[in-house]
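Visitor: Spelled out from the first residue to the last, the chains are:
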Amino acid sequence: MEHLLDIYRSMFTIRKFEEIASRQIVDERIRGLLHSSEGQEAVAAGVCLALDQNDYLTSTHRGHGHAIGKGVHINLMMAEIFGKVGGANKGKGGSMHIADSTVGMLGANGIVGSSIPLACGAALKAKIMGTNQVAVSFFGDGATNQGVLHESMNLASIWKLPVIFVCENNLYAQSTPSDYSVSIENIADRAKGYSMPGEIVDGMDPLAVFDCAKNAVSRARDGDGPTFIEAKTYRYRGHFLGDNPLRYRSDSEEFDWKKIDPIPRFRVFLLEEGGATKDELDDMELAINENIVRAVEFAKKSPFPSHEELEKDVYDNYPKDQLNRTVSSME
Amino acid sequence: MRTLSYSGAILEGFREKMESDEDVFILGQGVTNPWYVGDSMQDLDKIFGAERVIDPPVSEQGMNGVVVGAALAGMKPIVVHPRVDFLVMGIEQIINEAANWSYMFDGQISMPLTVRAIINRGGEQAAQHSQALQAIFMHIPGLKVVMPSSPYDAKGLLISSIEDPDPVIYIDDRWLYDLTEDVPEGLYRVPIGKGKIRIPGEDVTIVAISSMVPEAEKASNVLLEDGIKAEVIDLRTLKPWDTELVLDSVRKTGNLIIADAAWRTAGSAAEISAHVVENLFSELKAPPVRVTLPDVPAPASRSLEEAYYIDSGDIINAVRKTLDTN
Ligand SMILES: Cc1ncc(C[n+]2csc(CCOP(=O)(O)OP(=O)(O)O)c2C)c(N)n1
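The listed protein sequences correspond, in order, to chains A and B. In terms of our numbering, the first sequence is residues 556 to 886. In terms of our numbering, the second sequence is residues 587 to 912.
Calculated directly from the structure, the hints in this document are not laboratory data. Here the structure is a predicted model, which is why all the values come from computation and not from measurement. Wrong hints could be hidden among the right ones.
[Unchecked claim] In silico EDC-like pairs for lysine to aspartate or glutamate, Cα to Cα no more than 20 angstroms straight-line:
1. B:Lys815 x B:Asp900
2. B:Lys838 x B:Asp828
3. A:Lys867 x B:Asp881
4. A:Lys867 x B:Asp625
5. A:Lys814 x A:Glu827
6. B:Lys632 x B:Glu602
Sequences and hints are given; from them, build the entire structure.
Guide: Structure (structure tokens):
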């Protein structure tokens, strides 16, 4: 029962976070891109719940859900989106780049496909050091057309890395439909070419995702190597906040996917079969809303980074006078 | 004549060139998405069809290789990367393949390839979506690099790039897209390798690259109020760059400022400075000054962006300090 509630809490938090953050982007005139993961919550919630806190995660431009699932504090996330000092990266990364190494979130990546080998590297560490950790990489259908995905899968397979490739197939890469860009119907079939299991899972069903991820995690921990999971899902918004998706997809398609929205469906399931009460869920939702409103307050109160912050952290360790201020020797 | 915007001029260059030469085609991930390319490629897919304006899967390495191959086979392909940052994913094909073909095979096969990549800085989009990487390409023998700063040049240099028998990296900057000026209809060329004096002057030479040209012009106007006559040179081509134009100007002024909105270490400004010092050491009244970005990745936060990017104020400061030492 507790894990059922956890899944719901996670999905509901992601949904509300995306909704509220999207409004803030407009109200605060933040120009950074926000790629909402609304619609895909079941995948992030289901996979992340199968992980331990010290397992690793790499993510993409559409990474808020993954970060929330992995346990990054929403205050840090909201302030990062605002570009404030209180943010997860002190405002240096913004919405597309949230990281919190204390919970194994190694960073969200703005370059499509590039986060995938990084998860393999984290998994290689776990293998070499015998730590029993696993690593997960989330990526989209579009990313599966990058050569680096294929190289990563092959390496993971020949080295039996404890890594899980989670493809969130939301049918589009920006405006490009995956039935044009991908040569096969099920992306999971690509796993065969790298002799690893390729699982197809209903990405609108958090329990199905959770079960599938749990199996992959035990395979990885048992030393049996990588798994590829394709979660069939849908992003409800445009590619990013300013994109009108009806340029390239139909409203009837959107309508059909919203009919199977994972959140209300799972709520009904919890009430009818999961032993939850309406009051309990109402209270939880209220509390989540309040937390996110508090995260917005936190972000608003946090100051913008001072100009001195600009040159900090380019390196861990580097002679400061060689960072080359704007105007050369004259200053 | 009518006026066109910078992005409108690029669009017209594409359209007219594709109408006149059936060997030209475009391969560009996201070229149908206005948020990436503005209106600079609007409706080209509708006019020329999906065979000649291809929006491929996200596969930069493959894309770049495919256009290299098509160029070898005699086409004049244009590959478009809506952010320079994405081009990096496929840079192997540009540096190891495209750049070397002419030399490795002793000129047997030419490489009439145009690589268009867009700089998109200052949008709170952080380190992987805001980079200006012209210096990397300028470093590579076998590549030519152009960076127009005006609508007229945006069109004329695009046409020259497409017609050029060598691989040309054409880099435009979203910050320039709304500039307007008179642009002739029909095909015309702006020569690759030639800079242009935007404002004549005799006290100091400001060599500006791309988005720094309008800033240098602003700076020059402000300085004029103090009686300082700055000569503004729009470099237009980074490789091969117009050494004669710059040397002639510095011979006259004895002072050199180079403004390039890119990193400083081993950057384009460093190259220009070194060349001038090597050739005109005794005629310089002060050391050349580079006005560039610090060696720091692009931050997301708007307050850090303020500190990061450079503008006419930085150029004015550099000029004043230089002239103070004369
Ligand atoms: C190397 C690279 N090429 C292009 C882009 C531009 N881009 C950003 S998101 C995206 C689509 C990615 O689609 P997918 O992997 O399916 O993820 P989704 O957006 O659907 O979550 C593209 C092409 C990029 N960020 N990096």
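Visitor: State the violated hints by number, sorted upward, taking the hints as numbered earlier in the document.
Guide: 4
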